[in-house]
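Enquirer: Position 8, counted from 1, in the sequence shown is what the working numbering calls 15; the numbers after and before it change by one each time, with no gaps.
In short, the hints are calculated from the structure, not lab data. Careful: at least some of the hints might be erroneous.
[Said to hold, decoys possible] Here are the computed lysine-lysine pairs in the DSS-like style, where the Cα-Cα straight-line distance is at most 27 angstroms:
(1) Lys-124 - Lys-151
(2) Lys-151 - Lys-103
(3) Lys-124 - Lys-103
[Stated by the list, open to error] Computed spacing ranges between beta-carbons, pair by pair:
(4) Asp-204 - Phe-36: 35 to 43 angstroms
(5) Glu-126 - Asp-84: 37 to 45 angstroms
(6) Phe-49 - Asp-150: 32 to 40 angstroms
(7) Tyr-40 - Glu-99: 30 to 38 angstroms
(8) Ile-216 - Glu-91: 42 to 50 angstroms
(9) Asp-200 - Ser-165: 13 to 21 angstroms
(10) Thr-96 - Asp-62: 58 to 66 angstroms
(11) Ile-216 - Glu-147: 14 to 22 angstroms
(12) Thr-181 - Lys-151: 34 to 42 angstroms
On a predicted model such as this, the values are computed, not experimentally measured, just so you know. Even for Gly, the Cβ is constructed at its ideal location relative to N, Cα and C.
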Amino acid sequence: MGSRLLIKAVTQTKHLTLKQNKMQNARIFLTDYASYNNGTQFEFGHWVDLSDFSDASELMDYISEHFKQADEKSPLDEFGSTREEIMITDFEGFPKDFYSESMGEDDFENLYSFFEKCEACPYDYEVIEAFANLGNYDIEDVDKFFDALEESYQGEYSSDADFAQELAEELGYTNEKVFWPYTHIDWEWAARDLMIDYYESNGHYFRAI
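With these hints in hand, go ahead and build the complete structure from the sequences.
Expert: Right, here's the structure in full:
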């Protein structure tokens, strides 16, 4: 039976493993372009844990205050030039699509919106990351990305064949109580046909929508 029929039915019977979502520790290495140009970017540059701030506005307030203190402790020049241009030289704990060296308030707002969606999502962060790695949806369009994730996620399986077999069982296409011909089905071949309409990423399976 073709995989197209399976797709129609799986929307009602898809295999889901709901887990408590645990967001990775997200942080950025903060410095500024003026310090970088002076060769002093590490004097005040440091890692900033984004979880220490409730939103982008709080983070921007912190950055502004940090630059002000840096100007007082180590003036850029005798003319009173100030540190203003944010420079993010490294990051951890969030998808690279959100990163740019010159991140600003709009970028941080979008990132915090992503964090909020991660907290509300019923899946582990590794599922979100696996879906993002497929590159089928613009992760920066946060609402659309998470809507697509929840609609397409099928679960975690050790192989395409295992996914195909469990899906067929859930849809009632097999009877495992009958020894023959159930035990002689070539599930790897069946999976090749099925995977025309699905994607796999790091052991997680998603329906093409």
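Enquirer: Hints first: check each against the structure and report whether it holds.
Expert: Hints, verified against the model:
Restraint check for Lys-124 and Lys-151: the C-alpha separation of about 11 angstroms stays at or below 27 angstroms, so the hint holds. A hinted pair counts as satisfied when its Cα atoms are at most 27 angstroms apart, and Lys-151 with Lys-103 qualifies at roughly 18 angstroms. Taking the CA atoms of Lys-124 and Lys-103, the gap is near 17 angstroms; set against the 27 angstroms cutoff, the hint holds. Take Asp-204 and Phe-36: their Cβ atoms lie about 42 angstroms apart, and the range 35 to 43 angstroms holds.
For Glu-126 and Asp-84, the Cβ-Cβ distance of about 44 angstroms falls inside the hinted range of 37 to 45 angstroms, so the restraint holds. Between Phe-49 and Asp-150 the CB atoms are about 38 angstroms apart, so this pair conforms to the stated range of 32 to 40 angstroms. Against the hinted window of 30 to 38 angstroms, the Cβ-Cβ separation of Tyr-40 and Glu-99 comes to about 21 angstroms, which falls outside the hint. Against the hinted window of 42 to 50 angstroms, the Cβ-Cβ separation of Ile-216 and Glu-91 comes to about 44 angstroms, which satisfies the hint.
For Asp-200 and Ser-165, the Cβ-Cβ distance of about 19 angstroms falls inside the hinted range of 13 to 21 angstroms, so the restraint holds. At about 23 angstroms, the beta-carbon gap between Thr-96 and Asp-62 misses the expected band of 58 to 66 angstroms. Taking 14 to 22 angstroms as the suggested C-beta distance range, the pair Ile-216 and Glu-147 conforms, at roughly 19 angstroms. Checked against the hint of 34 to 42 angstroms, the pair Thr-181 and Lys-151 passes, with Cβ atoms roughly 36 angstroms apart.
Taken one by one, the earlier hints fail for this structure at numbers 7, 10, listed in ascending order.
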